[in-house]
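J.: Listed here are the chains, written in short residue letters.
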Amino acid sequence: MLRIEDLSVSYGSVKALEGVGLEVSQRGLLHGVIGPNGAGKSTLMDAITGRCKPTRGRVFLNDSDITARPIEWRRRMGMSRSFQRTSIFPGIKVGQQLEMVALHLGETDLNSIVDTLELNAMYDLMADSIAYGDQRRVDIALALVGQPSLMLLDEPAAGLSTAETIKLFEHLLAVVRQRNVTALVVEHDVEAVFKFCDAITALDLGKLLTTGTPAEVRRHPHVISAYLGSSA
Amino acid sequence: MDLLQSFSVIQLANALALSSLLTILASGLALIFGLRDVMNFAHGALYMLGAYLGFAVAAKFNFWVALAVVPFLLAGLGVVFEYAVLRPLQKRAHMDVALITFGIALILGHVVNTTWGTSPLSVAMPPALAGAVDLFGQPYPAYRLFLILVGFGTCVLLAAWLKWTKSGMHVRAVSQLPMVARMMGVNTDRLSLFVVCLGTGFSGLAGVLAGPYLSVDPSMGANILISCLIVVVVGGLGSIGGAIVASVVYGFIQVIGSIVSPLMAVMTPYLLLFFVLLWRPQGFGRGRVA
Amino acid sequence: MTRSPLNSNTGSNKFLGYGLVLILALCGLAIPNVVKSTFYLGLFINAIVLGIAALSIGFLAHQCGLIMFGAAGFTGGATYLFGIAVMHFNWSVTTAAIFCLVASTFISLLIGMVVVRARPLPFAMMTLALAQMLRSVVKITAYREVTGGDDGLTMNWTGNFFGLTQAELARPANFWTVAWLALCGVMLLAWWVGHSRTGEILRATKANEERMRFSGFNTYVPRVLAFGLAGFIAAVSGLLLGLHTAFASPELLDFTTGANSLVSMLIGGASVVTGPILGALLYTVGQDQFGASGHLELLTGLGVVVVVLAFPKGAIGFLQSGIDRFTGRKHASN
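Those protein sequence lines, which keep their order, are chains A, B and C.
Be aware that the first sequence starts at 1, since it is given in the numbering used here, and climbs by one per residue.
Be aware that the second sequence starts at 1, since it is given in the numbering used here, and climbs by one per residue.
Be aware that the third sequence starts at 1, since it is given in the numbering used here, and climbs by one per residue.
In isolation and in its complexed conformation, chain A is listed as follows (with noise of 0.2 Å):
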């Protein structure tokens, strides 16, 4: 489904992503991305959605190259993205968004998405005067909508407590098992990623260290050493 070939990004000398090679041929997976801060993973995420272009490699969804399809282009065809920093609609109401997005990309099934994702009670507020936890889940229910076939996910728990972060990771894994989505995630609490991921890829300074399963990552004498310490 997705592939990505030796993809590096550059911004003059730094090299923020270098060779990372990567695929997810499975639907309905949660796939963690963990690394050290620096380690690439919002860069992977941007150079993936077409937010930033690849200084060498190529990106391949269902065998195509798309690496140099524009970012509208990806999600019309299924690739979608939620964002480390919320990014929502403000001065639009939460259900006024989510149909807008949902007429364009031909959603039919938007009551699901919402009951799933527990916006219900806030359909008819105005997006930014919702609390922070619940904006969120709006930022991942605007991936969500079109029946994307991967979502990609920077950060969904970022500011949110350990609890909360445990129940949006039982929210993500229903909402991948029942739409038959995989959701590439990147996250820095690493607990709750061994948690709940059935796949997880770990990379550190741009390079990739290793994808396997939690627990062949756990394993991995890189991984240790970069920053599972004792906690492994």
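Hint data in this document are derived by calculation from the structure and do not stem from the laboratory.
Check the hints yourself; a few may be wrong.
Derived SDA-like pairs: lysine to any residue, alpha-carbon spacing no greater than 20 Å straight-line [claimed, not checked]:
#, chain 1, residue 1, chain 2, residue 2
1, A, 93, C, 210
2, A, 93, A, 51
3, A, 93, C, 195
4, C, 139, B, 120
5, C, 139, B, 218
6, C, 206, A, 96
7, B, 163, B, 152
8, C, 206, A, 42
9, A, 93, A, 132
10, B, 91, C, 306
11, C, 139, B, 257
12, C, 206, C, 139
13, A, 93, C, 198
14, C, 139, B, 267
15, A, 53, C, 209
16, A, 93, C, 209
17, C, 139, B, 223
18, C, 206, A, 129
19, C, 206, A, 72
20, A, 15, A, 51
21, C, 206, A, 126
22, A, 93, A, 78
23, C, 139, B, 258
24, B, 163, B, 245
25, C, 206, A, 128
26, C, 206, B, 96
27, C, 139, B, 259
28, A, 93, C, 203
29, C, 206, A, 135
30, C, 206, A, 86
31, C, 139, B, 271
Put chains B and C on the given structure of chain A with help from the hints.
T.: For chains B and C alone, kept in the frame of chain A given last:
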């Protein structure tokens, strides 16, 4: 007409005379933008006010008194500008502040019109500079040479100040990283006040200098504003060096253009502006006050 | 936990609203029968011309968050296009008018393709530059033949514009119908587009452009179209001026002319279609009260400063917030 022939030393000097005024103005605008992050749409009006005040003072006393006094009057206005407008509105959106400077330009325009009327006025050339000077075998108005000297001299001094003095270094620091500069102990408020007054003072200087050279009329503010904006943007927002180069280029375009093609003379600066704003927002200079 | 339908306006409320508007529009046609003074009719016509220009700025500001500092270029440019068509192409009044509107809109679309991607401040600067550029071009001595240079372009035509001769068009009592219908037309157009899906998309793009792209929307094309529409509305204002005064001059392209419509928009607010129009009316009347003594620029300048400082949403927005606070209803900040 032979291009080379028409592009004589005289034309060169004319281009530089025009550029020298722009240079002074553009530096002021660049400084204010660099320090306060504000695109001052009132800059042209300040220049116009300087020109009219120059006319008034010169009529009462003489040109040299005007040259000495008016820039300080405008600098005083700068104090008001900083305390009444720029400092309180630091947190507002850039467009809001830009709109307000736009409004101030209109108010100043009104003040000028009611005080001095709407017909063009002429400022008497100071007798010492009224004659012609021998420039490479051709007679050339002494005043314009004076203008070139003062104009570029001011900018050289400004550049030297920025580069070699402590306060100049502070100005550069604040324009690049205001938060860091503040943490390092630079009094950014006082510095901004100084720079804004310098900027408005420069406008006054340019206005007085322009009096004997161009005519003093109510539309001079608006006309020079857009040239000034173009020069600052193309030269690189906040870059003094860039502003200088850009104003020289602008002067040349105007002079060559008026011979070759008036249309080109009019359109080229605007095309440059669009190009820069759309594809190279940092301008051609080295960026921030440098 | 109930989800109420977003449009709580029931059908009958809507029809009542539409009916009221239609009645007001028709009543407006009769104003020359009520207001007998030629002076005041002329004043109101000025308000309409200014209001339409303000509406053009307001539409773009509200839908796209872009403010045209140089609207004078679009209104004045249209007046010149009309004048040139009538005087130099020797077209009939009606053909020239159509040409003016079509050409202006087309040029606006072209310009829009270039400028619409800019951030608000560079955009404002570019529109100001465009107006100044046009003004300088019009004043070029070599083009005096065509543009009339500094003296302006006086227009003469024979033939009728919807049954009105040039002399009749110059009289406020006769011109009123044209002006009023044009006003109703552009207001309806702006309102319709604003309430359409395109309007919703434009305002959402204004709120968060990146997210729109990440939601699969093309954010460029709608904004180019919005700019074209704003250019069209501005052209209507310019055309009306040309038909009524039969004169185009570089003053129409001035800094201060653009400022008049900008201030009217700011005074009235841009979030409702009636805002800029009412702002223009307030401004024109205020100008009449103060203007005789030549305080126009002062009024304009003070207007800008006061409004931006105290009433970011204009008079109408201010009233609306007041009403909302009074009734306890939370209104969209859009």
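J.: Checking each numbered hint in turn, tell me which of them this model violates, lowest number first.
T.: Hints 2, 8, 12 and 22 are the ones this structure does not satisfy, whereas the remaining hints hold.
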